[in-house]
Each structure stands twice: as C-alpha cells, then as structure tokens.
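Participant: Hey, can you work out the whole structure from these sequences and the hints?
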Amino acid sequence: LQEVVSEESEEENNGVNLMEFSDEILLHILSYVPCTDLVLNVRRTCRKLATLCLDKSLTHTVLLQKDYKVNKDKVKQLMRDIGKEIYQLNMAGCYWLPSSTVDHVTRCKNLVKLNLSGCHITSLRLSKMLSTLQHLRSLAIDVNPGFDASQLSSECKATLSRVSELKQTLYTPSYGVVPCCTSLEKLLLYFEILDRSREGFMLSGQLMVGESNVPHYQNLRVFYARLAPGYVNQEVVRLYLAVLSDRTPENLHAFLISAPGSFAETGATKNLLDSMARNVRLDALQLPKAWINGSGLLQHLKFNNPFYFSFSRCTLSGGHLIQRVINGGKDLKSLTSLNLSGCVHCLAPESLFRKAEDDIDSSILESLVASCCNLRHLNLSAAHHHSSESIGNHLCQLLSRLKHLLSLALPVCSITDVAANAEKPPTASNLVPQTFGKKVRIGIQTYPRNLGDQANQKIESSVFWALMGSLRFLETLEIIGSSFSSAMPRNEPAIRNSLPPCARAQSVGDSEVAAISQLTYLQSLTLAQLPNILTGSGLVNIGLQCQHLRTLSLANLGMMGKVVYMSALMDMLKHCKCLRDLRLEQPYFCAGAQFFQALSHCSSLQRLCIVSRSGTLQSDAVMSFMANCLEVIMCHMFMGESLTVCKNLQQSIVRSFQADRPALNVVIFPLLHEDLTEVIRDVPMRHLDEITLFKSRVAEEPPNLWW
31 LQEVVSEESE EENNGVNLME FSDEILLHIL SYVPCTDLVL NVRRTCRKLA TLCLDKSLTH
91 TVLLQKDYKV NKDKVKQLMR DIGKEIYQLN MAGCYWLPSS TVDHVTRCKN LVKLNLSGCH
151 ITSLRLSKML STLQHLRSLA IDVNPGFDAS QLSSECKATL SRVSELKQTL YTPSYGVVPC
211 CTSLEKLLLY FEILDRSREG FMLSGQLMVG ESNVPHYQNL RVFYARLAPG YVNQEVVRLY
271 LAVLSDRTPE NLHAFLISAP GSFAETGATK NLLDSMARNV RLDALQLPKA WINGSGLLQH
331 LKFNNPFYFS FSRCTLSGGH LIQRVINGGK DLKSLTSLNL SGCVHCLAPE SLFRKAEDDI
391 DSSILESLVA SCCNLRHLNL SAAHHHSSES IGNHLCQLLS RLKHLLSLAL PVCSITDVAA
451 NAEKPPTASN LVPQTFGKKV RIGIQTYPRN LGDQANQKIE SSVFWALMGS LRFLETLEII
511 GSSFSSAMPR NEPAIRNSLP PCARAQSVGD SEVAAISQLT YLQSLTLAQL PNILTGSGLV
571 NIGLQCQHLR TLSLANLGMM GKVVYMSALM DMLKHCKCLR DLRLEQPYFC AGAQFFQALS
631 HCSSLQRLCI VSRSGTLQSD AVMSFMANCL EVIMCHMFMG ESLTVCKNLQ QSIVRSFQAD
691 RPALNVVIFP LLHEDLTEVI RDVPMRHLDE ITLFKSRVAE EPPNLWW
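By this note's numbering, the letter at position 150 of the sequence shown is numbered 180, and the numbering carries on one by one without gaps.
If you're looking for bench data, these hints aren't it; they were derived computationally from the structure. Only a predicted model underlies this, so the values are computations on that prediction, with no experimental measurement involved. There could be a bad hint or two in this list.
Only pairs whose alpha carbons sit at most 20 Å apart, straight line, appear in this in silico EDC-like list of lysine to aspartate or glutamate [as the list claims (entries may be wrong)]:
# : residue 1 : residue 2
1 : K139      : E185
2 : K99       : E708
3 : K104      : E661
4 : K102      : E661
5 : K607      : D97
6 : K300      : D276
Facilitator: The structure is reproduced here in structure tokens:
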C-alpha cells in the first residue's frame with residue numbers, strides 16, 4: 031500500500047497541469063464538451079476557462095439535439111449568456127422541452143441556421159420567434175394538427191422569404207410554411223400523416239386544396255420527400271409535386287422521393303419526369319419503384335457528377351444498371367453512396383427469366399466496383415445475392431476492393447463461403463427447424479473465449495473474414511437475412527410468424543460474427559436472422575475488439591425457440607463501455623436479473639429496446655438497472671407479459687426517474703396487444719425512427735442531407 035501511495039505522489043509531482051496547455055489544444059479538448067456544460071459550469075472554474083469557453087469556435091454552433099440532460103431553465107440561461115454569439119442552433123428531437131422554451135430563441139438575433147424538428151411549437155410562437163430572426167437562412171420545423179399559416183405575421187413571412195433551406199415534417203395535411211419561402215433552394219419534406227385521427231376518423235389529403243398560396247420552386251436545387259406508410263401521405267406529396275410538374279426548376283440537381291409500398295405514377299408525375307429528362311442534369315436520384323420499373327426513364331435522364339443513387343426495391347436488372355446508370359464506368363467516380371436494398375436482380379444481366387435465388391453475375395458486380403471505386407456507403411440488403419463457386423469471383427472478394435467504404439449492408443446469404451460450405455457436414459442448427467415449434471434440447475453451450483480459439487477453427491481463410499480484414503475503417507455494418515421481417519412493423523399489428531432463412535444462409539453463424547471483430551473502428555452493428563448461431567461466441571470477440579461500438583441491434587439469431595447466445599451476449603456487454611443504443615429482437619427472450627446486471631456495465635447506455643414474442647421480464651431487475659444506469663433515457667419493451675404487469679412497471683419507472691431525467695421516454699407494452707399501433711404513435715419520432723422500428727439505415731439518405 032505504501033508503494034502505491036508513493037507512486038501516486040510521484041505522478042502528481044511530475045504531472046502536467048492542464049492549464050499549461052496552449053489555447054489551441056484546450057479549445058480542441060473543450061470542443062468535445064456539451065455547450066451547456068461549457069457555459070453553465072466549466073467557465074466558472076477559473077479565469078482562463080471563463081475566456082476560452084466563450085470563444086467563437088465553441089459558441090458559433092450549439093448542438094442540443096442529443097443533450098438529454100438539458101431542460102427549459104438551462105436553455106433559458108444559455109440563451110441569456112451567449113444568445114448573440116450563436117449562429118447555428120440545433121434543438122432537433124428535444125421533445126421533452128415545453129413549447130415555451132422556443133421563446134428564448136429570440137435572443138439569438140444572429141441565427142443563420144435553426145433546427146426545431148421534433149420540438150413542440152405553435153403557429154403563434156413560430157411567428158413571434160421568426161419575426162426577430164432576420165438573418166435566418168436555414169430552418170427545420172414540424173407542422174402539427176392545428177397549424178394555421180394565417181397566424182404568421184408579416185415580419186415572420188419576411189424572414190421566411192429569405193430562407194433558402196427548409197426541412198418540414200408534416201403530421202397533418204398542409205403546405206406549412208413552404209408558400210412563404212419564396213427563395214427556396216433546398217426543400218426536405220417528411221410525411222408522417224396517419225390515415226386515421228385519434229378519434230378514428232379517416233383523414234384526407236384534399237384538406238390542402240383550399241389554401242390560396244402555392245410553393246415557389248423556381249430556385250430549387252434539392253427536392254427530397256420521405257413518406258411514411260399510408261395513402262394520405264401519397265395524396266399530399268402529389269400536391270407538392272403538382273407545381274413542379276408545371277415548370278421544372280433549371281437548377282434542380284437532386285430529386286429524391288422515398289415511398290414505401292406502391293406509389294403509382296400519374297400523368298402529372300410522368301410529365302415531371304419527362305421535363306427533368308429534357309431540362310436538368312442530376313447529381314442525386316431516388317424514385318418510387320413503380321416510377322422506374324418497366325420504364326425507359328433511366329435511359330433518358332442525364333447526370334452531372336452524381337454522388338447518390340437509390341434504387342431500393344426496384345426490379346432494375348444488372349444489365350440496365352450497367353448500361354443506363356453506370357454508363358460504362360465513365361462518370362461514376364464521384365458516386366459516394368449507393369442504395370440497392372431490395373433490388374433483387376441488380377447483380378444479374380436480366381430479370382425476365384431469373385429466379386431471385388439464382389447466382390449473381392460476378393462481372394456486373396466487378397464493373398460496379400471498378401466504376402464506383404470511391405463508394406463510402408453501399409446497401410445490398412433484402413435480396414438473395416448468391417455467389418457461384420468460381421474462384422476469385424465471390425461477392426466478398428470483389429467488395430474488398432472498395433477501400434473507402436464507411437458503411438455496408440449485406441444479406442446473410444451473400445457472405446457464405448460457397449466452396450467451404452459444400453464440404454461442411456450439417457451442423458446442429460441446420461437440423462433444428464427455424465420455427466416456433468417444439469424446443470429441441472441441444473445440451474449446454476460452450477464457446478471459445480478469444481480470437482485464438484476461433485483461429486484454431488480455421489475461419490481466417492473464409493472470404494468474409496478476408497473482407498472484414500480489408501475494410502479496416504468500416505464504421506457501420508449490417509448483416510440482415512434476406513427474408514427477415516421485424517415482429518413490429520409500423521402502423522400494423524405485430525407479425526406473429528416469420529419466413530424461414532434462405533437455404534444458402536443456413537451455415538452463417540458464430541465464425542462469421544467473430545470475423546467482424548477485426549473492425550477496430552466499428553460504431554454501429556446490426557445482425558438479423560443468422561441461423562447457425564450456436565453459442566454467440568463471436569459476440570464476445572466483438573465486445574473485446576470493437577471498443578468504439580455505440581449502436582448494437584441483434585434480431586432472431588440462432589434457434590427461434592431458445593436464446594442460445596444469452597451467455598455470450600452478457601459477456602460481450604461487460605466490455606461495451608461506449609455502447610449507447612441497444613436493440614434486441616428475439617422470441618422467448620428473458621430480461622431477468624443476470625441480463626440487466628451485465629447490461630449495467632454499459633455505463634454510456636442511453637436507449638434500450640427489446641422486442642420479444644413470448645418474452646418475459648423481471649420488474650425488480652428493470653428497476654435496479656434504471657437506478658444503476660443514470661444515462662438511460664429511453665426504455666422500450668414489447669414482450670409477452672400481461673398488460674397489467676407492463677403498465678405497473680412503466681408507471682414505476684416514470685414515477686421514480688422522470689424528475690431527474692427530463693427526456694425519459696418509457697413504453698412497456700404487450701407485443702401482441704391490439705392497441706400496439708396506438709401506443710407506437712405516441713413515441714417521439716427520434717426514437718421511433720432511430721431504434722424502435724427495425725430497418726436498414728445504410729445509404730438510406732444522401733450523406734450530409736441536413737446538418
């Protein structure tokens with residue numbers, strides 16, 4: 031003990047005082063501290079920090095969008111202290127702040143960019159606030175039921191007339207503030223309108239028709255629309271597009287519409303696309319699948335220096351992709367993001383007589399890789415991309431040439447090592463049916479604890495292991511079964527049965543998961559429907575090696591009747607010190623004391639979502655976990671427990687922790703309950719979109735679409 035004390039004293043004597051660092055180094059360090067802490071706490075410690083914390087480099091841009099500890103009083107004090115120094119303010123997703131909080135934004139007279147998406151704000155408050163922000167050029171807001179554009183003052187409309195970038199999330203049929211923005215260059219529209227009101231009345235997009243003003247698109251450069259499921263959203267977006275079809279802006283260079291399901295082409299949209307083909311050269315393109323399938327549109331569209339393409343869920347064949355889009359590899363060096371999710375024939379020469387499970391044509395993928403050598407984001411999920419046995423032409427081998435990749439989404443069947451798989455005898459999991467039938471006793475599972483044990487199994491020679499080794503800087507990885515569907519789709523009852531995994535995917539399991547541990551800089555990982563998970567041993571390797579991991583989503587791994595990887599998952603969680611978001615979807619998941627004790631090691635955890643048909647939970651363990659993990663502000667559990675158990679636990683959590691955690695959002699509800707969709711609609715959009723609902727997020731939107 032005396033030796034330890036003497037060593038510590040020596041370190042203190044020889045240590046460097048933080049205040050002796052140069053101002054440049056200290057400013058860099060302080061840039062990682064939330065602005066509220068800098069202004070309200072750190073600057074009060076000493077004179078030097080008092081000066082540095084108010085440096086323009088730290089106060090120019092204030093980000094509150096994930097500062098879950100901020101409250102109304104802190105915002106008020108922050109605006110009072112540095113309001114005049116703020117030029118960019120991001121309060122997106124601050125759903126817990128009362129609507130009166132935005133009144134304090136009026137102190138920021140020099141604001142140029144303001145993001146209030148997800149914040150509660152009325153028409154009158156918006157009018158009062160914008161009337162004082164004469165320098166505003168970029169704005170993001172929500173348009174909720176009750177919004178009335180006639181309440182906007184002339185001063186407010188004058189400010190809006192100078193806004194060049196607008197992001198508008200619509201929860202009710204309306205033009206919002208778009209008609210007031212006469213100088214728009216970038217317009218982002220998110221349609222989240224439900225087909226029925228809370229009272230059960232059917233809504234209609236035609237409510238907008240009576241509005242006297244129409245959008246002004248003459249200066250538009252970027253048009254982006256993302257639609258949630260529902261016919262009302264489709265009706266409303268058609269009204270926004272009607273103006274575009276009359277006259278296409280000459281400077282339009284990005285046109286993107288993301289629409290789930292069927293969104294039929296009309297005469298107006300066809301005229302719009304024909305006009306675009308004649309008059310503009312695009313850099314980014316995304317269209318509903320019905321607008322592309324079977325048409326020669328891509329043959330006529332012209333591109334300048336494209337950086338983003340999305341052909342998600344289209345029947346585009348690989349032959350058309352090469353001929354009409356890649357253009358022989360001449361113009362695609364600029365492409366950084368490509369979404370081919372659900373594009374089942376995109377790696378085949380033609381789609382007419384091809385089955386979805388047939389082998390891909392490696393020459394098409396080779397041309398794609400050679401032409402788009404600077405890709406940073408690539409999504410090939412939701413399709414069967416089966417490689418042939420030809421040596422050197424495996425999908426993983428070809429993708430390993432894309433050295434700049436930062437995010438990648440692949441179907442499980444695409445990473446199978448065909449040659450090695452042919453020599454493998456059937457494993458235990460291959461013999462176990464992937465259903466909810468009678469449970470099969472397979473004995474006590476053991477798993478290797480380190481990479482050395484995995485190496486003894488000779489997995490380093492697999493093509494997927496080599497791919498992971500070549501993509502050292504990959505930050506986001508999704509491996510999702512081509513037939514996987516979440517048990518909790520949006521606006522619909524929970525799915526009770528899932529499709530079996532692809533036959534080619536049956537051998538993908540622990541060794542492939544272990545290969546992922548080579549990704550030292552991995553920040554986000556999604557694994558769904560990996561049937562050959564026997565023990566989950568690879569998860570432990572990931573926990574040990576991927577120390578930057580912040581988001582983890584696991585769904586339907588191994589047998590469906592038993593959580594075979596629970597022991598390994600608990601070992602993994604003990605090493606995930608940076609983990610912030612955890613989503614687990616697995617039938618029969620037991621959220622008990624041991625699980626939550628292991629999860630308590632994740633000291634940075636903020637959001638937890640568990641979806642489990644017939645799953646159970648232990649209320650005392652949940653309460654203990656919430657008490658130990660002080661950063662957790664979201665707890666969503668959709669399990670097999672009764673409504674009474676769920677409600678009691680939810681009320682206990684809110685009652686015990688809401689006062690100290692202003693952003694706390696708790697939803698605990700039976701997964702198969704008929705009122706699940708009504709509960710889901712009250713979840714803040716930030717959580718719903720980012721974690722609660724399962725989806726592939728790689729190349730979902732163009733990079734840097736909004737700040």
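Participant: Determine for every hint whether it applies to the structure shown.
Facilitator: Structure-based check of all given hints:
no.: 1; hint: K139 - E185; verdict: 14 Å, holds
no.: 2; hint: K99 - E708; verdict: 28 Å, violated
no.: 3; hint: K104 - E661; verdict: 18 Å, holds
no.: 4; hint: K102 - E661; verdict: 19 Å, holds
no.: 5; hint: K607 - D97; verdict: 19 Å, holds
no.: 6; hint: K300 - D276; verdict: 11 Å, holds
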